[in-house]
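Novice: Chain order of the listed sequences is S and H. Numbering-wise (my numbering), the first sequence opens with residue 814 and increments by one. Numbering-wise (my numbering), the second sequence opens with residue 814 and increments by one.
Honestly, the hints are just simulated from the structure, not real lab data. Model, not experiment: these values are computed from the prediction. The C-beta atom is built at its ideal place from N, Cα and C for all residues, glycine as well. Incorrect hints may appear among the rest.
Said to hold, decoys possible - Examples of chain H residues toward chain S, derived with CB under 7 angstroms: (1) PHE865; (2) PHE956; (3) CYS980; (4) THR1074; (5) SER1217; (6) SER1363.
2 protein chains.
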Amino acid sequence: MTADVRAAARRLKPGGLGEASARDLLAPLDLPFVPATPVRSADEAVAVARDFGFPVVLKALTDDVLHKSDAGLVELGLATADAVSAAHDRLVERVTALGAADARVVVQPMAQPGTDLILGWVRDPTFGPVVVAGLGGVTVELFRDVARRVAPVTVDDADEMLRSLRCAPLLTGFRGAAPVDTEQFSELVARVSELALAVPELSELDLNPVRVLADGTCVVLDARVVVEPVTAVEPRGSAPDLTALLRPRSIAVVGASRDATRPGARILASLREHGFAGELHPVNPAGGEVGGLPAVTSLSELPGVPDLVCVALPAKAAVESVRDCVRLGVPAVIVFASGFGEAGAAGQALEAELRAAVAGSATTLCGPNTIGVVSAHHRMAATFSQAITGFPLRESGTCLIAQSGAVAGSLVSRELADGYGIGDWVTVGNQSQVDVADYLEHFTTLDTTRSIAVFLEGVPDGDRFRRALSAARTRGVPVAVFKTGVTEAGRRAVSSHSGALAGSGEAYRAVLAQESAVQVTELTGLLEIAWTLGNTPRPAGGRVAVVTTSGGAGSATADLIDQHGLALAAFEERTAADLAAVLPAFAHVDDPLDITAEGTFAEGTVRRVVELVAGDPGVDLVCVVLTSIAGEDAVRVARQIADAAGGSPKPVLVSWLVTRSLAADGMALLAGRGIRVFTEPARMVAAAAALVSAPQPRSTRV
Amino acid sequence: MTADVRAAARRLKPGGLGEASARDLLAPLDLPFVPATPVRSADEAVAVARDFGFPVVLKALTDDVLHKSDAGLVELGLATADAVSAAHDRLVERVTALGAADARVVVQPMAQPGTDLILGWVRDPTFGPVVVAGLGGVTVELFRDVARRVAPVTVDDADEMLRSLRCAPLLTGFRGAAPVDTEQFSELVARVSELALAVPELSELDLNPVRVLADGTCVVLDARVVVEPVTAVEPRGSAPDLTALLRPRSIAVVGASRDATRPGARILASLREHGFAGELHPVNPAGGEVGGLPAVTSLSELPGVPDLVCVALPAKAAVESVRDCVRLGVPAVIVFASGFGEAGAAGQALEAELRAAVAGSATTLCGPNTIGVVSAHHRMAATFSQAITGFPLRESGTCLIAQSGAVAGSLVSRELADGYGIGDWVTVGNQSQVDVADYLEHFTTLDTTRSIAVFLEGVPDGDRFRRALSAARTRGVPVAVFKTGVTEAGRRAVSSHSGALAGSGEAYRAVLAQESAVQVTELTGLLEIAWTLGNTPRPAGGRVAVVTTSGGAGSATADLIDQHGLALAAFEERTAADLAAVLPAFAHVDDPLDITAEGTFAEGTVRRVVELVAGDPGVDLVCVVLTSIAGEDAVRVARQIADAAGGSPKPVLVSWLVTRSLAADGMALLAGRGIRVFTEPARMVAAAAALVSAPQPRSTRV
C-alpha cells in the first residue's frame, strides 16, 4: 500500500498539499480520517448532514490556504439544516473571494470530545524522517511539548515518546480524569514512521490534530503533506581498515623541511619528541639529513612501502603526492594542507581530485585540512599542532574524534597539562574519505578504548554515524558528543566555514538520545566528561553523597544535584553514627556533609569520611567539594581521598574551587590516581549525571 | 475594606478555606465572583436556576475538600429543571457520604467562554507575598507557565507579568483569534497585591480560574485561601556606618599569637604582608613582641581607641572581648571564631550574648564565623585566609559580599592568580548584627565601587535586602548574585548548616529580576561576571561580532549567542570589504569571523580585524575566541586585541581555549589591560548577556 502512495507522490509536483489532497494521496493506507463528503450545493450539504446526524462541520478545502481556520474556511457545530445551508454559501463566497480554484466544500460529522495530539514527521537532510508526536492544538505551538525520534519508530518507541512529554500526565489520568488509551495512537505512530521511510518524496507530514477518544479510537481531523523532489544520496563505501593509520610500523613524512617552523618539520619533530618507535623517513627533494634523520628524495626511493605517509605539502602538490602513494600501495595517508573543500570552488575541485585519487584504491586517507593523528598507546604524534609540545603523551582509555583541529589541540592541551591522558585522537579535517563514523566504529573495536569524545559539526552520512553510535552502545563504550550548529545561528556558521552537513540540531539531539550518547553542553567539558566516563566506575544509581569543606559550596552542589535529576543520599543510621564519631563535635551529619576546613586537619579524617559515605548502601556515588585547601594540606587531603576511592567500587569525583596554582600538587596526585578533579561544581555534577545515565560497560571491562 | 477583611481573618482559625468561606471572607472587597446562590432543597435549586436562566452549575462547597471536581462536587451544564433537581440530590448524597458538616450547595450561572487565568499569592518567609499570575486550568499545573513578583505589584507590573508568559500570544491574539483585553485583569492583580500586603494573616490566596471574557470582564470562578498565624518579624535597626570596619586608621588584633599557625598570627601577618599603612597593635596577655611588633597585654593599655579590633579568640572568650570593645567605644569589631549560631543550642545562646553585647551600642560587629574583611583600596587584609597569601592585592571597582568564607577565599584566589582584582570584600559570617543588606548598601555608596558580587545563602530581612538592591540599581551599580538553596535539596542543605533564612528560590529569583540583579548560574562564574560588569563598557545592544581562530569554536559560540537571546551582527558592506582586504584570501567574511590561526601570523592583522568589527555600527560588542595560540604568539595576539579594544568604546571579551600555562603571558597582558579572559565560551557569552541586560551605569562613571 505504501508503494501505491509512493507512485502517487512521484506524480505530484513539489509543494504543500492541504487536507483534501493529503486525504487523496494517503487513501491507500486507510488512515482513520474523520469522514468527509464533498458537496456541490447547499441542498446536498444539508442532505449529507442529515445522514451524518447534526451537528456537523463544513470546511472548504484548498491547497492554497495553510491555516483554514484563520481564513474562515471552517464552520463548526452546525446544528440545523438552515445553519448548514447558510454556512455552505458563506464558504463558497469566501473561496471565490480567495480565488482558490481547487477548493471544494466537504461535510464532516462533529468529532466526539477527546484528547488532541499531533503526529507527523520532518525529513532531516542527514538522518531522514524525524517523527514528531505530542500535544496538539494551540498549546503545541506555544509550549512545543513534542517528542522526536528518527525513524524507524516502533510501537514501544512511540509509547516512550508519549511518556517523555511534559503533558504525559494528561494521558495517564490527571486530577481524577480517566486515562487516555494510547495503544492505537502508538500503532499509528509506527505506521506513519514506516510510511516516512517508504515514501522519500514526502518531506513533511502533519496529522494535526489526531483526536484520541475515550476508548482509544484515533480520528485524524486534519492533515497536510509536503512533496519534495528526492535527492539521491551517494552511498559511502564500507568502513576502511584504520590500523595502518593508527598503529603504523613505519612512517614517511613528505615535505619534511629543514625550516623548523614548517608543518613538515613540526610533524617530524613531534613524532621524535613523543618517541615513535617504528621506522621514520623524512622525504625531501634535496635529500641529505632532515631533523637528524637521513632523508630520501622521493617515496619510491624507500626500501619498502611505509604503513603511513604524512603529506605535509600545499594542497596542489599534496594531491600529486597522494597519487604517488596510491601507485605504491601505501596503506594510509594523512593530508594536512588546507585549501580544499573549505576554500571556494577551486578548492572544491582540488578536493574532488583528491577523492578520485584514492577512490577504489587500498589507500585510506585522513584529511585534508587536519592537524593529524596521535596515539598515546602507539607513542605516535603525527601532528604539527604545538598545543601538545612539551607535554608527555599519557595512555588513557579515552579517544577523541574532532572536526576542528584548533579545538582538539586546545582541549587536549588542557587534559595533558592537568595530568590526564587521551589514548587515540584524530582531527578528521574535511572527511574526504574516512569520516567521523569510520573513526567512531574503529575506536569502538579497539581493546584499549573505554570512552570516546566527539567534537562534531556534521556528518556526511547520518545512517552510518547512527550505526557507529549504536555499535559503541552495544559494545559498552560510552560516547560524549559536543555538537555545534544546534541553533539557527550556529548552523549558519557551520555551513559558511566548511563543507560539513550540519543537519538540524533537533535531529542530532534525537539521534544522540536514541543511541544513549551524552550530549555535552560546554565545549571545554567534552574531554572532562569523556574521560570521567572512561575512567570511573559506573554507579548503580543516582544517589549522591556530597562531602565538602564548605557549607556554602555544599549547598550550591545540592542545588545542582537536584537540577540534574540526581538525588542527595540519605545516610543509614549506622553510617551517621560512625561519621559523628569521626568528625569534630560541631559538624552536623547530613548530606551534604560539611566537614569544614578544620575537619581536614586530623590525619585520616578525610579518608575515613569518604570511606564511610562510600560504604553506605544508600550511596551510589561520592562528590567531594574542596575549597581553599592549599599547599601541603592539598596533597595530604588529596592522598586520603585517593586512598578511600581506591578501596571502593563506587565512583568518587572531586571539585576543587581554589586556584589551581595553590593546590596543583594535590590535583596532580588525584589525576595520577585516576580521580577527576573539576574546577566548577556544575561541571562535576554534569559528569556525575552522565555517569549515571551512561549504558553499562562490557562486563569484561569492569 | 481591607481592614474589614483583616479583622475577619484574625477571627479565623489557621487552615485552608474553600470557595464558600473564601467568598465570605473577601466579601468586603467586592471581587468579581461569579454569582452563587445557596439553596436548601432541589426545588429551591430549580427556582434559582430559572432566575439565572439555563444552563447552570451546581456545586457543593466545603472547606474539607481541596479539589471539588475530583471529588464529584461540581455539576456543570445543567440545562433543565430535572437535571438541576437530580444534580442537587446527587451532591447532597456525596457530601453526606464525605461527612462534610459545613457543606452547602450553591447554584451558579454557567460562565461565558473566555480565557482562564490564575491569580494569587504565596507568602514567602523572607520577602512576604509573592504574587503569581499565569495561565489557568490543567495546563498551569503541567507547564507551570506563571509569572511571579514580590508585592507590591502595580498595574504596569501586572501587564509586564502577562507579557512574560510563554502563553502570552494567546492573550495578544494568536492565530487569528481576537486579542484578550487584560486591562481589568491587571487591575485585579494590583488589588490582590494590596490585599496581600494589608492582611498578613492570609498566607496564600488562589483565584483559579479567573475567566477573562471577550470584553475584558473578569469573573472569578473559584477561590481558596490559607490562614496562618502571623509571626512578628523583628525589625532590624538602621544601617550602621561601616567606615571604621572598611577604612580603619588603626587596628588591634586580640589573640595575636606567636604560633604562626593560629588565626591571630595569620591575621597580623596578612595585615603586614599586604601593607596596611595605619597603626597596628597586637594584643597578647603575655605582652612582649608579636610578629615583629610590640604587643600590649589588653586593649585598655592602648594610648587611644583603635578604629577596628580583630577578635581572634575562641567563641566564649570572643564574647568577653567584644564586651570590652563596647565599653571602650571601639567603632568596629570583627569576630572570627565559629561555634556560634551554626553550632547547636549552646552556640545559639552564645550568639545571643554576642548580639546583646553590641545591641544599642556604637560598635558595629562583623561576624562571627567569618574569615574577615579585605580592602585593596585601603591595603587592608584583615583575614586569616591563606587563599590570598602570596598574591598582591589589586584595586578594582568590584566588591564581594559572601556568606561563605571558604567560597570567598577560593574565588578570590582565582581572580588574583589570573591577574584580576577585588576592591573591597567581606565574608559576613553569621550576620549577628551587620548583614548582607548593610554591606550592599554601604558598598553601593562608595565612589570606588563599580559592581558588586554577592554569594548568598539567605538574608534575615527581605525588605532591607530588596531596598539595598534597589539603591544599587538606582545608583547604576550592577549586582551579580549567586544564590544557593534554589531547589528543595539545596534549601535543606542551607538550613542544616547555618542559621541562614533561605527563603524560597523562586522568591529570590523574582526579587533579583525585579531589581535588575544578575543571577549567576555557575558558582565560579560569580566574580568573572561581576568583574566584567564593573570593568567593561556597557554595550548599546545585543549584536555580537565573533572573531575567532577556529571555525569550530566560532560555531559553538554562535549557538551560545542564540541561546542567550543575543544576536550575531551583520557587518556593513564597507566593513566586509575592509575585512576582506586585511584577511588572507581563503578567509570567508561572515559573523562568526574565522580568521584561522594563519590569520594571526601577519603583524597587525588581529588588531585591524578587531578595530574593523568594533567600528561597524551594527556591532554592539566583540567576542574573541582563541584556540591554540601559545607562547610568544599569545603575547603578540593579546597585545593587538588590547590595543584595538583600548581604542573602542565597545566592550571586547576574550575566550581562550588552550591550557592557561601555554598562553599565560598573553592572558596576563589582557587582564592587565582590563580585558576579561574566559576559559570557556559559555561563560563568556553568559557575561556578555549580563552586560547587555545590566542597568546603565551612572553617567559620571562612564
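Novice: Going back to the hint list, which numbers does this structure go against?
Specialist: 1, 4
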